[in-house]
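**Student:** Letter by letter, the chains look like this.
2 protein chains.
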Amino acid sequence: MLKVGIIGVGTVGTSVAEILRDNADVISARAGVDIVVKSGVVKNLNKDRGLDISITDNVDDILNDDEIDIVVELMGGVEEAFEVVKRALGAGKAVVTANKALLAYHRYELQDIAKDIAFEYEAAVAGGIPIITALRDGLSANHIESIMGIMNGTCNYMMTEMTNNGVSYDAILKESQELGYAEADPTFDVGGFDAAHKLLILASIAYGIDAKPEDILIEGIDNVRSEDIAFAKEFGYAIKLLGIAKKDGNEVELRVHAALISQDEMIAKIDGVMNGISVVGDKVGETLYYGAGAGGDATASAVVANIIDIARSGKSTPMLGFDKPMEGSQLVLKPTANIESKYYLRINVSDKTGVLARITKIFEEHNISVETMLQRKSTDTSANLLISTHIAKESDIQSMIDEIEGLEFVNARPVMIRIV
Amino acid sequence: MLKVGIIGVGTVGTSVAEILRDNADVISARAGVDIVVKSGVVKNLNKDRGLDISITDNVDDILNDDEIDIVVELMGGVEEAFEVVKRALGAGKAVVTANKALLAYHRYELQDIAKDIAFEYEAAVAGGIPIITALRDGLSANHIESIMGIMNGTCNYMMTEMTNNGVSYDAILKESQELGYAEADPTFDVGGFDAAHKLLILASIAYGIDAKPEDILIEGIDNVRSEDIAFAKEFGYAIKLLGIAKKDGNEVELRVHAALISQDEMIAKIDGVMNGISVVGDKVGETLYYGAGAGGDATASAVVANIIDIARSGKSTPMLGFDKPMEGSQLVLKPTANIESKYYLRINVSDKTGVLARITKIFEEHNISVETMLQRKSTDTSANLLISTHIAKESDIQSMIDEIEGLEFVNARPVMIRIV
Ligand SMILES: NC(=O)c1ccc[n+]([C@@H]2O[C@H](COP(=O)([O-])OP(=O)(O)OC[C@H]3O[C@@H](n4cnc5c(N)ncnc54)[C@H](OP(=O)(O)O)[C@@H]3O)[C@@H](O)[C@H]2O)c1
Ligand SMILES: NC(=O)c1ccc[n+]([C@@H]2O[C@H](COP(=O)([O-])OP(=O)(O)OC[C@H]3O[C@@H](n4cnc5c(N)ncnc54)[C@H](OP(=O)(O)O)[C@@H]3O)[C@@H](O)[C@H]2O)c1
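Line order of the protein sequences matches chains H and W.
As numbered in UniProt numbering, the first sequence has no gaps in its residue numbers, which increase by one up to the final residue, 420.
As numbered in UniProt numbering, the second sequence has no gaps in its residue numbers, which increase by one up to the final residue, 420.
There may be inaccurate statements among the hints.
Copies of the same chain look alike in the list, so a pair counts if it works inside one copy or between any two.
Claimed, not checked - Taking lysine-lysine and the BS3-like style, the derived pairs with C-alpha atoms no more than 25 Å apart in a straight line are:
#1 Lys393 with Lys361
#2 Lys3 with Lys377
#3 Lys246 with Lys47
#4 Lys38 with Lys324
#5 Lys3 with Lys324
#6 Lys361 with Lys233
#7 Lys247 with Lys393
#8 Lys393 with Lys315
#9 Lys361 with Lys86
No lab work stands behind these hints: they were computed from the structure.
For clarity, every value in this text was computed on a predicted model and none was experimentally measured.
Using the sequences plus the hints, can you model the full thing?
**Tutor:** Here's what the structure looks like:
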């Protein structure tokens, strides 16, 4: 029999205990041993968890319990969780976590500390979708060319509703908060930070890249408005918040941002709160993984899968997929300024003669070539210029946007959305 | 260093050797050891394989070579491959195969023989998509409620072309043969047998069900005609060849057939030669896996992933996912006659009065309730009745079709396609 201690018996922790209880028949048949939860740790002892396990508010009760083989960390946060997990590993206990923030900052330290002890985190990326297993074990024969994913269900729900039901950004944000999909402070989701944490984890497995959130381009969906959705639809695109990792020579670009993507791509067909991640390998071509990216049960499904893996074989794969660095071909992070993309711009201008000519000239001066340009009336005295470009360089676009923002007939900083 | 012998250096075997050579940098970093192909076996020694490995035409050269750690079986066929693989396991060598026919017939014997020796087969289902890993390891916490998949790229290509480009069945079959997607004798693909082999493998992992092709319902796409495609489009369906496994109480139904499926389902959006498999777990909900189901490189990507797994950890998971049977809840195969579904029927009738009334009455007598009925002119003197039903029982539908076929005004055996 294998004994589990759960630190953090909240949404996911409660589901983990329930699955280990409700699905014990199939779990013990697959794992070869019975797996039981011995105890859990919470902050507030007064809340009823509806579970038949011993609950305390002291992590020592789990960390110092010699009977416990596996510690499941589901308390969230970064530094406190890091301390707890280090102590668990120090005590020789296997660890399973769903904590993407912890991993976004400390995954390489944790790999070094864990050494031969199993440390698993399937639930940290895209909840119930077994993307870590797929990428780390299933696609291990490939050089990964790119990863492109819908990794945040809240943003995807909002974009889908704006597209299909013509809802405004503000209205759908409010509704998402009421439905519990978005927090009171929605920045972590709509600002792209949650997706960035997940992208960094995948980038380590695919490329061995040790980057932190501060190192990469992170933007959200907070600039997207109905005009942009309408433009996208007209030109055969969907707008999605994407996490993108792309290999280019010995450089890897990592970025999270709203993006226009052709409606023909499988990723563009993923709607509502669902997540989906497309991975292109040099040998396998494109593969795609789809499912629920959040929710107690779906996330706990991945946590329990990791527990079963550990029951079956202890540690079977290097934590971040690499047993040693790639000889002579270690990859490095591409500087954000050098990223290339097509771009879409929305520029709100006063409706005067000469404006178009002036804007066009500035594009030329920055080496940015226009693919399509539409002018749409905004108010009686202003218009939106909706422009898509050919491939251009991030630094050129940014300096052009700065210049355009300063023009006397431009009413607000231009909104830019990348096209993939 | 780990040494591999490849038995069968054809389409997939050649790609395996190429990947181990071309991607050696990333493979050795991920596996922790170098992996090299020592030798290969073929039938025809005169064909140049373009590989720098020793090639023989005698399997003993690999099976009796003590230096070889892993035997990769890529010769195809059932009984001869079974003998070869048994000998390899008997010699203590790990085995990797892509041979779905072998597994459709002998997977449980192989599991018994392999015991603690690794026997892996990721490539046997859906080529490059890591569906075995996902189902066996990633979803192991779930009772699997259903599996529904596009597991044959040839059939999916044909259905897609008929739907999008209005091509006839005969024309697209001919084109598929010219493109090399379909064999001169296409029965194995269009008759559903290839998909059935894959479905049986997945059913073992999901449910522990030991069924053979002879035990389950297998039909193909060879009855599907442009009229059916037109009906499907009109009512919001796509037509796909699906492999379906579904749990119902302690019974599991297994079936392969063409099916009408709502265009809103993710599976319905998978077009062309691509494969996709949707798996519903009781905790994770729906997940879906998409990618190339065939082709040398994509298939070899999965073979090499298995080799890397073995290099990392020997055997880490029970071959068919279960370490022991499920206590008190072993599942059994549902008899085909008891399967329930909605159905679509195309009945070609002579255009006479009284026909509709007569047909309607026969439906009633067989307890089959009609959902929609269309009549479409076929020739000057005949018409097609296109009928969809509510949920009915397979045995009722079959006996009704037998009765209708015998009617004097019915010109051919009615064509039936299930609706999922
Ligand atoms: N929810 C999802 O859909 C989802 C999906 C993927 C990943 N995750 C990740 O899973 C983790 C858990 O998320 P969740 O949604 O389950 O969070 P949650 O519902 O807020 O649960 C957190 C649990 O940890 C306990 N806790 C927090 N700080 C503690 C401390 N210092 N000492 C002891 N217990 C403490 C809380 O106790 P009280 O109950 O007493 O407050 C609560 O039981 C997070 O890392 C999250 O990013 C969640
Ligand atoms: N091709 C795909 O896309 C694909 C996808 C998934 C799974 N698979 C499976 O992978 C396996 C291999 O398929 P494939 O397409 O690579 O087949 P293939 O191109 O026909 O290659 C078969 C190889 O085996 C050799 N061979 C056959 N019988 C032999 C014998 N008795 N002794 C020694 N060598 C023998 C052949 O030798 P010669 O070259 O001298 O004829 C050839 O090299 C099959 O089980 C297939 O179902 C294939």
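**Student:** Indicate which option fits the pair lysine 3, lysine 324 if close means a Cα-Cα distance not exceeding 25 Å: within, between, both or neither.
**Tutor:** between (32 Å within a copy, 20 Å between copies)
**Student:** Tell me, please, which holds for lysine 38 and lysine 324 at an alpha-carbon limit of 25 Å: within, between, both or neither?
**Tutor:** between (36 Å within a copy, 24 Å between copies)
**Student:** Using 25 Å as the alpha carbon limit, work out where lysine 393 and lysine 361 are close: within a copy, between copies, both or neither.
**Tutor:** Answer is within; shortest intra-copy Cα gap is 17 Å, inter-copy 70 Å.
**Student:** Measure nothing new, just compare the shortest in-copy and cross-copy C-alpha distances for lysine 393 and lysine 315 to 25 Å and report within, between, both or neither.
**Tutor:** Answer is neither: 43 Å inside a copy and 48 Å across each miss the 25 Å cutoff.
**Student:** How would you label the pair lysine 361, lysine 86 (within, between, both, or neither) given a Cα cut-off of 25 Å?
**Tutor:** Neither: 57 Å inside a copy, 73 Å across copies.
**Student:** Evaluate lysine 247 and lysine 393 at a C-alpha cut-off of 25 Å and name the case that applies: within, between, both or neither.
**Tutor:** within (16 Å within a copy, 53 Å between copies)
**Student:** Within, between, both or neither: how does the pair lysine 361, lysine 233 come out at a Cα-Cα threshold of 25 Å?
**Tutor:** Answer is neither; intra-copy 28 Å and inter-copy 49 Å both fail.
**Student:** Indicate which option fits the pair lysine 3, lysine 377 if close means a Cα-Cα distance not exceeding 25 Å: within, between, both or neither.
**Tutor:** Intra 65 Å, inter 69 Å, cutoff 25 Å: neither.
**Student:** Give the relationship of lysine 246 and lysine 47 under a CA distance limit of 25 Å: within one copy only, between copies only, both, or neither.
**Tutor:** This pair counts as neither: shortest intra-copy Cα distance 45 Å, inter-copy 39 Å.
Violation of the numbered hints given earlier is confined to hints 2, 3, 6, 8 and 9; the remaining hints are satisfied by the structure.
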